[in-house]
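**Student:** Chain by chain, the residues run as shown.
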Amino acid sequence: MLTRRNLGLVAGGLSLTRLGSPALAQGPRGQVVMAQQAQPPTLDAQVTTAQASRNISLHIHETLFARDEAGNPQPDLAEGVDIAADGLTYRFSLREARFHNGKTMTSADVKASLLRYGRVGGSAFIMQPVEAIDTPDPRTVVVRLKEPSPGFIAGISSPRAPCAIIPEEEAGKEANRVEVIGTGPFRFVEFRPDSHVRLSRFGDYVQNTRYRGMDGFAGRKVANVQDILIRFVPEAGARTAGLQAGEMQILEAIAVPAAERLKNDRNLQMHEMMPWSFQTLMLNHVMPPMDNPVFRRALQAALDLEEIMAISTDGLYRMTHGWQHPGTTYFAGDVGKPLYNINNKDRARALLREANYRGEEIILLGDSSFSNHQATIVTATEQLRSVGINIRTVITDWPTAFSQRTQRTGWHAWALMLGIEPYEGPYGVVGFFSGHAPVQHARDEVIDDCQRRLSTSLAEVDRKKAVADFQARMYDQAVAIKCGDVGIVQATRAQVRDYKPYRIPRMWGISLA
Amino acid sequence: MLRYAARRLLTALPVLLIVSLLSFGIVWIVPGDVAAEMAGPTATAEELARLRERLGLTRPWHEQLVGWYGALLQGDLGESILLRQGVGSAIVERLPVTLSLTFVALAIAFVAGTGLGTLAAVRVGKAADRAAMGTALIGFSLPDFWLGLVLVYFFAVVLGWLPTGGYVPFAQDPLGWARSMLLPAATLALSQMGLFARMTRAAMLEVLRQDYVRTARAKGMPGWVVVGKHALRNALVPVVTVAGIACGVLLGGAVVIESVFSLPGVGRLIVGAIQRRDYPVIQGGLLLTATIFVLVNLAVDLLYALLDPRIRHGRR
Numbered sequence: 001m002l003t004r005r006n007l008g009l010v011a012g013g014l015s016l017t018r019l020g021s022p023a024l025a026q027g028p029r030g031q032v033v034m035a036q037q038a039q040p041p042t043l044d045a046q047v048t049t050a051q052a053s054r055n056i057s058l059h060i061h062e063t064l065f066a067r068d069e070a071g072n073p074q075p076d077l078a079e080g081v082d083i084a085a086d087g088l089t090y091r092f093s094l095r096e097a098r099f100h101n102g103k104t105m106t107s108a109d110v111k112a113s114l115l116r117y118g119r120v121g122g123s124a125f126i127m128q129p130v131e132a133i134d135t136p137d138p139r140t141v142v143v144r145l146k147e148p149s150p151g152f153i154a155g156i157s158s159p160r161a162p163c164a165i166i167p168e169e170e171a172g173k174e175a176n177r178v179e180v181i182g183t184g185p186f187r188f189v190e191f192r193p194d195s196h197v198r199l200s201r202f203g204d205y206v207q208n209t210r211y212r213g214m215d216g217f218a219g220r221k222v223a224n225v226q227d228i229l230i231r232f233v234p235e236a237g238a239r240t241a242g243l244q245a246g247e248m249q250i251l252e253a254i255a256v257p258a259a260e261r262l263k264n265d266r267n268l269q270m271h272e273m274m275p276w277s278f279q280t281l282m283l284n285h286v287m288p289p290m291d292n293p294v295f296r297r298a299l300q301a302a303l304d305l306e307e308i309m310a311i312s313t314d315g316l317y318r319m320t321h322g323w324q325h326p327g328t329t330y331f332a333g334d335v336g337k338p339l340y341n342i343n344n345k346d347r348a349r350a351l352l353r354e355a356n357y358r359g360e361e362i363i364l365l366g367d368s369s370f371s372n373h374q375a376t377i378v379t380a381t382e383q384l385r386s387v388g389i390n391i392r393t394v395i396t397d398w399p400t401a402f403s404q405r406t407q408r409t410g411w412h413a414w415a416l417m418l419g420i421e422p423y424e425g426p427y428g429v430v431g432f433f434s435g436h437a438p439v440q441h442a443r444d445e446v447i448d449d450c451q452r453r454l455s456t457s458l459a460e461v462d463r464k465k466a467v468a469d470f471q472a473r474m475y476d477q478a479v480a481i482k483c484g485d486v487g488i489v490q491a492t493r494a495q496v497r498d499y500k501p502y503r504i505p506r507m508w509g510i511s512l513a
Numbered sequence: 001m002l003r004y005a006a007r008r009l010l011t012a013l014p015v016l017l018i019v020s021l022l023s024f025g026i027v028w029i030v031p032g033d034v035a036a037e038m039a040g041p042t043a044t045a046e047e048l049a050r051l052r053e054r055l056g057l058t059r060p061w062h063e064q065l066v067g068w069y070g071a072l073l074q075g076d077l078g079e080s081i082l083l084r085q086g087v088g089s090a091i092v093e094r095l096p097v098t099l100s101l102t103f104v105a106l107a108i109a110f111v112a113g114t115g116l117g118t119l120a121a122v123r124v125g126k127a128a129d130r131a132a133m134g135t136a137l138i139g140f141s142l143p144d145f146w147l148g149l150v151l152v153y154f155f156a157v158v159l160g161w162l163p164t165g166g167y168v169p170f171a172q173d174p175l176g177w178a179r180s181m182l183l184p185a186a187t188l189a190l191s192q193m194g195l196f197a198r199m200t201r202a203a204m205l206e207v208l209r210q211d212y213v214r215t216a217r218a219k220g221m222p223g224w225v226v227v228g229k230h231a232l233r234n235a236l237v238p239v240v241t242v243a244g245i246a247c248g249v250l251l252g253g254a255v256v257i258e259s260v261f262s263l264p265g266v267g268r269l270i271v272g273a274i275q276r277r278d279y280p281v282i283q284g285g286l287l288l289t290a291t292i293f294v295l296v297n298l299a300v301d302l303l304y305a306l307l308d309p310r311i312r313h314g315r316r
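Line by line, the protein sequences give chains C and Z.
Its first residue numbered 1, the first sequence is counted upward by one per residue in the working numbering.
Its first residue numbered 1, the second sequence is counted upward by one per residue in the working numbering.
Here chain C stands alone, though its shape is the one from the complex:
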């Protein structure tokens, strides 16, 4: 079922962009101003999974492999990789690349960067299978694994906390202590906290000639604008006003009602991205009565997920049950679908009786920093009260809610939007519910086994089976509740040519009219 407002938006198509815009022929020129809500917590690309950092750092930094428009890994700084039949040795050949400090990238830089990522990386677990890294020559890196890890390339190509290749001399530094030096099409100029980051076109950038055009975070990156100013504008109305006034050319995101209002403005273009993320309710399995799967199923049955999605997303949503996006490699089809969005109050009451629920207080945890989290909690509260569940709603700021959810007590359900994880494939999503510290606080042997099979099976069919089993378990045991897919609208001035919406507002490939 697909439900979304007809915004009349420019389609967020995923076809490759043609190369060679008129502006390219005239040479790079102009400054593009992009506005985003938050400022980056750090510009150390490897350390953080924050979107605000990723928007900036993926213009500066590149990775060995990067995701294409469809989210699949493609060579970026690597020319390619030879994977041994036993899945234990990865031999990367490197393309020519130059750092912003003028140094040519070598295998020593790559090795040092990968090792640093294993120490400080935001997704350092992807380096856990690595036994050793060799550099037989300046253009070759050989990574030897302790055990097969078919998700290795997916991991090092993920933009979540990018495994950025930085100069060897920077790689010895601690988190948040590096100079911002990459190989990307734009170089770092200045960071004025609470105000802006300024980037400038890197004149010596070595384009990846394997590709004809831009392709996700990979492809041929052509900088047609001379400067990029990324402004931090916390107030949504001020961002919209800045776009309308022409002070900003690109908005990372515009509120759905504003997009609706401005869709006919000839000076502006709205670009819809669907899906952008999942809206979820995470459940704490160690807090009674949530430790009882029957009680969790009662929640699953009671919730009207479409109402939650409609309210929490301003109408830009899609009702899909999958814990992977439809159309991607690991989408598990109809597995679990009968248990999605049941919205049957009688069944919920029956399950509550079966669970022997006696009116224990259930704490729903949300935060006001992300409006969709708060709206999800408020709406779910009313729905669960209507079947007789004794709900206490706790709305805090984000750090407090996040800190609380890491505790085993003090919350039963927590609203969280998962954005980059489903985009990057099954590893992050399954990983969230498995391992030593799963989000639900109680280890689930079946999910742990799915994670193990996903991480070690060399055959794709086996890995797909592992993801399907994971999804079945998620619904059967009501491990957590997926509410639906959330969309986002990026906005540009009409003068911005060849803009294609993606996980971040990409400012390579565009030009200014």
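I should point out that these hints are in silico values taken from the structure, not numbers from a laboratory.
Fair warning: there could be bad hints in the mix.
[To be verified] Just some of the chain C residues that point at chain Z, by a computed CB distance under 10 angstroms: (1) Gln39; (2) Thr240; (3) Glu247; (4) Ser371; (5) Trp398; (6) Phe432; (7) Lys464.
[To be verified] Label-pair restraints from in silico Cβ distances: (8) Z:Gly67 x C:Arg192: 22 to 30 angstroms; (9) C:Asp291 x Z:Gly67: 38 to 46 angstroms; (10) C:Arg497 x Z:Leu57: 39 to 47 angstroms; (11) Z:Ala178 x C:Arg212: 25 to 33 angstroms; (12) C:Arg266 x Z:Thr241: 52 to 60 angstroms; (13) C:Thr393 x Z:Gly67: 35 to 43 angstroms.
Source: prediction; values computed, not measured.
Backbone N, C-alpha and C fix where the C-beta goes; we use that ideal spot for every residue, glycine too.
Starting from the known structure of chain C, fit chain Z onto it as the hints suggest.
**Tutor:** This is chain Z only, laid out in the frame that chain C set:
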């Protein structure tokens, strides 16, 4: 006067000590830490624990307290975890923005407010009085953030006269600075303008009933001289006291305005630090804000004495 000022400064020290203790304690009581911000919303517990360790957030509180006061005694407010910058320099860098905003707003509020209040008092009971007080009431009632967005829409989007936000340093471009300050300062000023207008009106009505005003009028002195020279000066004494309070309110209100207009000021720095749990910035920022409040109050007391010759604090 000097002795009085010195005594007031000394009495401020315990206040600042308590503020520093409270700011340190609050940071330990409030849940969450900077690692959550740095790692991002979907970081796992394992990733968080590792980052906390690397950032030194797992050190015991007494160790951090000793470190905090040790550095403070040397004039060092510590280093921001996220900004990679000394807290002192981060604050100093942003002070011109907040002080510009506060004092321009104060000037607008004071001039417009006392003008409206005087007009209302002189024309008491007439249409001008009702219009002035109505304006003051509207200014007092409108929420800052809403008014700010409305002004941005009209003056930046519709008319294109002023920027939607951002800050231009005075030294770089005085005209640009004025343009960047006008909307936020006017927005911030409006509520306090209402306060000044009401205070001025009340004080002026009191003063205008005094014998010396009647005498001045009886002597044939022009009305504007009576009001401007004799009445207003005396009426301003309580208004100046309010100015001290207003200054504090404006500093607090600057937090919201800085967000609406994307101004990189101290308020936004502190609020951002609170949201991200950048403890050294919160502690340093609170201490600095308390210091500014103390100094502003002291300045108001001294100004009070200067305006009213009968008041001689130093001799009491």
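**Student:** Give a verdict on every hint.
**Tutor:** Now the hints, each set against the structure:
| no. | hint | in the structure |
| --- | --- | --- |
| 1 | Gln39 | holds (7 angstroms) |
| 2 | Thr240 | holds (9 angstroms) |
| 3 | Glu247 | holds (6 angstroms) |
| 4 | Ser371 | violated (14 angstroms) |
| 5 | Trp398 | holds (7 angstroms) |
| 6 | Phe432 | holds (7 angstroms) |
| 7 | Lys464 | violated (23 angstroms) |
| 8 | Z:Gly67 x C:Arg192: 22 to 30 angstroms | holds (28 angstroms) |
| 9 | C:Asp291 x Z:Gly67: 38 to 46 angstroms | holds (42 angstroms) |
| 10 | C:Arg497 x Z:Leu57: 39 to 47 angstroms | holds (46 angstroms) |
| 11 | Z:Ala178 x C:Arg212: 25 to 33 angstroms | violated (50 angstroms) |
| 12 | C:Arg266 x Z:Thr241: 52 to 60 angstroms | holds (55 angstroms) |
| 13 | C:Thr393 x Z:Gly67: 35 to 43 angstroms | holds (39 angstroms) |
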